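Asker: Protein sequence lines, in the order shown, are assigned to chains A and B.
Everything in the first sequence is counted per full-length UniProt numbering, starting at 1 for the first residue and increasing by one.
Everything in the second sequence is counted per full-length UniProt numbering, starting at 1 for the first residue and increasing by one.
Calculated from the structure, these hints are not laboratory results.
Among the hints, a few may not be true.
Identical copies look the same in the list; a pair holds intra-copy or inter-copy alike.
[Claimed, not checked] DSSO-like mimics (lysine-lysine), calculated; alpha carbons at most 30 angstroms apart, straight line:
#1 LYS405 to LYS270
#2 LYS257 to LYS352
#3 LYS38 to LYS257
#4 LYS354 to LYS97
#5 LYS334 to LYS3
#6 LYS169 to LYS231
#7 LYS77 to LYS334
#8 LYS77 to LYS352
#9 LYS268 to LYS352
#10 LYS405 to LYS349
Predicted model only: the values in this text are computed from it and were never measured.
There are 2 protein chains.
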Amino acid sequence: MIKSYIRDNEPRLLENLFSLIRIPSISALPEHHDDMLKCADRWKELLLAAGADRAEVMPSDGNPLVYAEKLIPGADKTILIYGHYDVMPVEPLELWKSDPFKPEVRDEHIWARGADDDKGQSFIQYAAFEFLVKHNLLRHNVKFILEGEEEIGSPSLETFLAQHRELLKSDIILVSDTSMLAADLPSLTTGLRGIAYWDVEVTGPNHDLHSGHFGGAVANPINVLCEMIAKMTDADGRITIPHFYDDVEELPDAERKMIASIPFDEEKYKRALDVEELRGEKGYSTIERNSCRPSFDVCGIWGGHIGEGSKTVLPSKAYAKLSCRLVPHQDYNKINELFAQYFQSLAPKSVKVKITFSHGGHGYVCPISLPAYKAAEQGFEQAFGKRPLAARRGGSIPIISVFEKVLGVKTILMGFGLESNAIHSPNENFSLDIFRKGIEAVVGFHEAYDQL
Amino acid sequence: MIKSYIRDNEPRLLENLFSLIRIPSISALPEHHDDMLKCADRWKELLLAAGADRAEVMPSDGNPLVYAEKLIPGADKTILIYGHYDVMPVEPLELWKSDPFKPEVRDEHIWARGADDDKGQSFIQYAAFEFLVKHNLLRHNVKFILEGEEEIGSPSLETFLAQHRELLKSDIILVSDTSMLAADLPSLTTGLRGIAYWDVEVTGPNHDLHSGHFGGAVANPINVLCEMIAKMTDADGRITIPHFYDDVEELPDAERKMIASIPFDEEKYKRALDVEELRGEKGYSTIERNSCRPSFDVCGIWGGHIGEGSKTVLPSKAYAKLSCRLVPHQDYNKINELFAQYFQSLAPKSVKVKITFSHGGHGYVCPISLPAYKAAEQGFEQAFGKRPLAARRGGSIPIISVFEKVLGVKTILMGFGLESNAIHSPNENFSLDIFRKGIEAVVGFHEAYDQL
Chain A
1 MIKSYIRDNE PRLLENLFSL IRIPSISALP EHHDDMLKCA DRWKELLLAA GADRAEVMPS
61 DGNPLVYAEK LIPGADKTIL IYGHYDVMPV EPLELWKSDP FKPEVRDEHI WARGADDDKG
121 QSFIQYAAFE FLVKHNLLRH NVKFILEGEE EIGSPSLETF LAQHRELLKS DIILVSDTSM
181 LAADLPSLTT GLRGIAYWDV EVTGPNHDLH SGHFGGAVAN PINVLCEMIA KMTDADGRIT
241 IPHFYDDVEE LPDAERKMIA SIPFDEEKYK RALDVEELRG EKGYSTIERN SCRPSFDVCG
301 IWGGHIGEGS KTVLPSKAYA KLSCRLVPHQ DYNKINELFA QYFQSLAPKS VKVKITFSHG
361 GHGYVCPISL PAYKAAEQGF EQAFGKRPLA ARRGGSIPII SVFEKVLGVK TILMGFGLES
421 NAIHSPNENF SLDIFRKGIE AVVGFHEAYD QL
Chain B
1 MIKSYIRDNE PRLLENLFSL IRIPSISALP EHHDDMLKCA DRWKELLLAA GADRAEVMPS
61 DGNPLVYAEK LIPGADKTIL IYGHYDVMPV EPLELWKSDP FKPEVRDEHI WARGADDDKG
121 QSFIQYAAFE FLVKHNLLRH NVKFILEGEE EIGSPSLETF LAQHRELLKS DIILVSDTSM
181 LAADLPSLTT GLRGIAYWDV EVTGPNHDLH SGHFGGAVAN PINVLCEMIA KMTDADGRIT
241 IPHFYDDVEE LPDAERKMIA SIPFDEEKYK RALDVEELRG EKGYSTIERN SCRPSFDVCG
301 IWGGHIGEGS KTVLPSKAYA KLSCRLVPHQ DYNKINELFA QYFQSLAPKS VKVKITFSHG
361 GHGYVCPISL PAYKAAEQGF EQAFGKRPLA ARRGGSIPII SVFEKVLGVK TILMGFGLES
421 NAIHSPNENF SLDIFRKGIE AVVGFHEAYD QL
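Start from the sequences, fold in the hints, and give me the full structure.
Answerer: Shown next, in the form of structure tokens:
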């Protein structure tokens, strides 16, 4: 029944999704403030149209959240569905094959910023909800909460959750914002990495200098910043911050075996990225490195003369955005303190270093013994024709651990993305086939959940 | 006589200088192409007005050059005056206290891009020439050549010189484009450093990746670029390129003693730059390091997410502008080969590195036994009341060695800048007092030159 519903309603469903995508709700850029409000309003309209009893845009300390609910008389269980309506910046724009905010269907894929992360995925939850309401199939309460600051680290969410504990009361949280191992390897995410993110500024001389008159005599803050960054990892690819690994648990052999059994074609992976070699911590496989081990990445760097031409300058300042992916049990607050102390200690006296903690999030582990996890397995099996693998993933959704801390509720990560979807990158896309299967899987989840 | 001439004519002289400064002739930025032509035309007008017999804007492979001459019947000597009418970019614009292209006089200084480098300094030569012509005091021929590509490495000058050897025939070349040790320490520049400048591009994966999904598994080109840059110098501040120092001559003890005798207040120098410590090659004094020893500076770096916000990206590319200051006898072509081979060798297989040689220039040494050098000493002594010191400087004017190579003529570096003039930086400025003394010193030079 759900298959024919999707077929019959697809043009309308896509048009509704596109109406969300067309709003450039980039939370990182202050000039898009009005778009955040527009996007929240559009979600409210859609949720009411789908059959929510109530939907409203609720203020927070930052961008507002959208709350909606459908309460079923006599129901004793409540599912809280979380998604986010904000998206990442789109630069470099010249690499996009079509306008990131004019969604297009080409080659059976949707192409746009947010096609996957997280408008497309949230919309899968939405479409399944619409189907269940219209056909009177819901046997439990459903609540939606959509936030507008996920891509900037959800600075206002924790306070919001604490203020609305009663409203958000639920038995399980359902989130579609992760990806599967591959289109033919459906999987549920059972672990996420945490994150800590910093802005650093290195100041040498108090103004830009002529590199001829001063070069060799005065510390160049770019040279120094590069040296400091280089010292952050050792020859084995391990992070050198003292005590960084104190709370990192070694992977149990059983889990390493499970990971090793995941079909993974390293040559294909390298070809897709066009790299001759991969790189990371010694002693761990590629999948272990990008999902179960911490990492250190420079997400941005700038200083001196940028772009065309050849200015001979010894600049006053150099900047970088640094981040560590963390694993469960690593506390980002503790890591922040360790990092700040260590990074500062790497600086010679010839420069001044300013470190600003931007945001952090804890990792997460979902026990596969939860009834809701089993319901998700059944939903996936129904839609994809095979039992999903349980996989830890490398991304961070800091709010998942916040849900657990503030609301005391576990989350099922029922994500339908693929690595090829290019989220956070130019030409983000989403497969229509998986979009359809996703809706089917979520409907299957709701049905199975009632029977457990 | 020259003192009263300057006093009486200063408003007109400054207005003429300002008419040059107001044209934003930034050679590094293609959008200023028309300004280059405007600035060349303005120089031509001014030179004719000052009494040149002939002045014209002459084409080259790049921006045109301005040529002018005043031939004195019966004269057997010719002085060729070189200057440049192009200026450096002005970013970061927000640090300027007044518009870089709206020259202002405040606190007895001219404030503007080009106030010193090199519109202000070239204009000193111009004003002295005007005075000598008007008062019929010239006893030798004077030729002017003003180029529009000095700040981008003079790519067209060598060909131009080779094509116009006869026109540019001269006995000595006079250049005001260097600086003095201090306002109360007049000096003539007897040595310059060479330069080699590169653009490098490091490519990791073929598109920007999500740092959560790939961080730890795939080489981040920014991390790698930082590591490569860090390896370019060792713990003693020496450049690690193999054979880099092969042609670097150790400073003779006599010269080190002379340098050590230059009054230099290191505490004041650090205070002016607001740095707690200086930094550079071990075993050499600050003045030695910034004038007689090679250096390695990153002049620009960029990659990933720049500016506001906190994008969690593992970028595809990272870029840097790298430069080495060289000393006399180091051949920038040889250094370029050594650098390219070494830098490439620093790259792990997980990235691709593209190195583009941007430009280079040889160092220069001026013998203090030249008659023209002695004439310059006399001019300085007349204007500043003390004999100028002979000092090697850290900047590069690659064309000085090109003059010697192509025209076979030595250059006297009669520069009037000060480090506090902030050339290539925001708030470039030039002292009116030194501007006046400079004109007087150049008039003194011309007069002394005829008597030698």
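Asker: It remains to establish, for every hint, whether it holds in the given structure.
Answerer: Comparing the hints with the structure gives:
no.	hint	in the structure
1	LYS405 to LYS270	neither (38 angstroms within a copy, 51 angstroms between copies)
2	LYS257 to LYS352	neither (47 angstroms within a copy, 34 angstroms between copies)
3	LYS38 to LYS257	neither (48 angstroms within a copy, 72 angstroms between copies)
4	LYS354 to LYS97	between (39 angstroms within a copy, 25 angstroms between copies)
5	LYS334 to LYS3	neither (49 angstroms within a copy, 69 angstroms between copies)
6	LYS169 to LYS231	neither (46 angstroms within a copy, 55 angstroms between copies)
7	LYS77 to LYS334	neither (37 angstroms within a copy, 76 angstroms between copies)
8	LYS77 to LYS352	neither (56 angstroms within a copy, 55 angstroms between copies)
9	LYS268 to LYS352	between (45 angstroms within a copy, 19 angstroms between copies)
10	LYS405 to LYS349	neither (42 angstroms within a copy, 43 angstroms between copies)
The structure shown violates the earlier hints numbered 1, 2, 3, 5, 6, 7, 8 and 10.
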